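Use the sequences and the hints to build the structure in full.
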Amino acid sequence: MITLLFPYRDRELSRVKRSLDSLVLQSNTNFDVAFIDYGTSREKAKEVAQLIAKYPFARYQYSYHINTMWNKSRALNILIKELKTPYCFVADIDMIFHPDFVETLHQVKSPTATTYFQVGFLSKEETQQEKPFDKYTIKFESAPGATGLSLFPVQALQALRGFDEYYHLWGSEDTDVHDRLKHYGLTVSFYDKKILMLHQYHKIYRNIEDRYITRHITIKDIARKNYKYRLSQNEAKVTVVNTDKNWGEIQDKQTYERLLKPDHSIEVSLQKHKFENWLAQLPQDTPKGVFKYTLSGHNNTFSTILSRVMHRYTLKAASDQLLWFHINHLCNMKYLYSISSDCKSISYTIWKE
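In terms of this note's numbering, the sequence shown opens at residue 22 and continues consecutively.
Here are the computed lysine to aspartate or glutamate pairs in the EDC-like style, where the Cα-Cα straight-line distance is at most 16 Å:
1. K224 with E33
2. K38 with E68
3. K65 with E33
4. K355 with D306
Don't read these hints as lab results, they were simulated from the structure. Keep in mind that this is a model prediction, so the values were computed, not measured.
What follows is the structure in structure tokens.
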């Protein structure tokens, strides 16, 4: 048995359906699907759960990571930590699978090896078509540097405590786990004998404009920061990660609802020296409780110029610093990060337990 892992948040249900429909057609049915919903809005999550329930081979799990940074590593680890099958494949809801895909997984599986697969990318027009796998026209193919879709021996992954949860938003967690498995003694190979997955078209989320605040949580240059961290980890030949935390921790409803009821509400100044002092004091253990901090500012070119004159941080600059500080110093704290509809204020809530 091989378990296909699907990490998910707030994507179009039509893409999920195409992906799961292609699994219905597999020539080898010795697989199951573990689907982790990492913080989709509760209204949409109901629709997702109803869709997944239509596929007997799939099980749906929800984590209340609403209004948090996307963390693919933690989402996957929630599943990996509890896996009982000997092998797992990290999938993606954008994939349409060849009918012999699962059969090929069984052919190449090995307790001492990880295999990742080449992908064919579809145009927007091709994605909207409903046709047999071999009838699609591929726009371009992935190169060996794209390491995200991989088959793993579960025992090795669990021994290394899964994916490194340091990585947030975009980039490097897939290559990082390959690096660590190599240091652990496994081989890593690239399967390009035949295209067995097609990537449905969508806009590139990591290219969302990050000069200003948007409703999406972003950090300027996060892919570069993650890449730099991966290089340092690889140079140190790190294998086991997440040693300072309870890895693969799901967030329950009670925790989420507690975060919605702060004990303290505090306005944070964007004046540079005041903001920097506040940030430095955030990790202090006392007092206990749930703290809601609000950052407010304008969100346009004029405010950027004005901030320089007034020695203030722009809302975007403050947001980037706060999120990066959270990753490096507060990542074990339960938190919420929400952006107002007009993108002129941010609420950052942390639970000091």
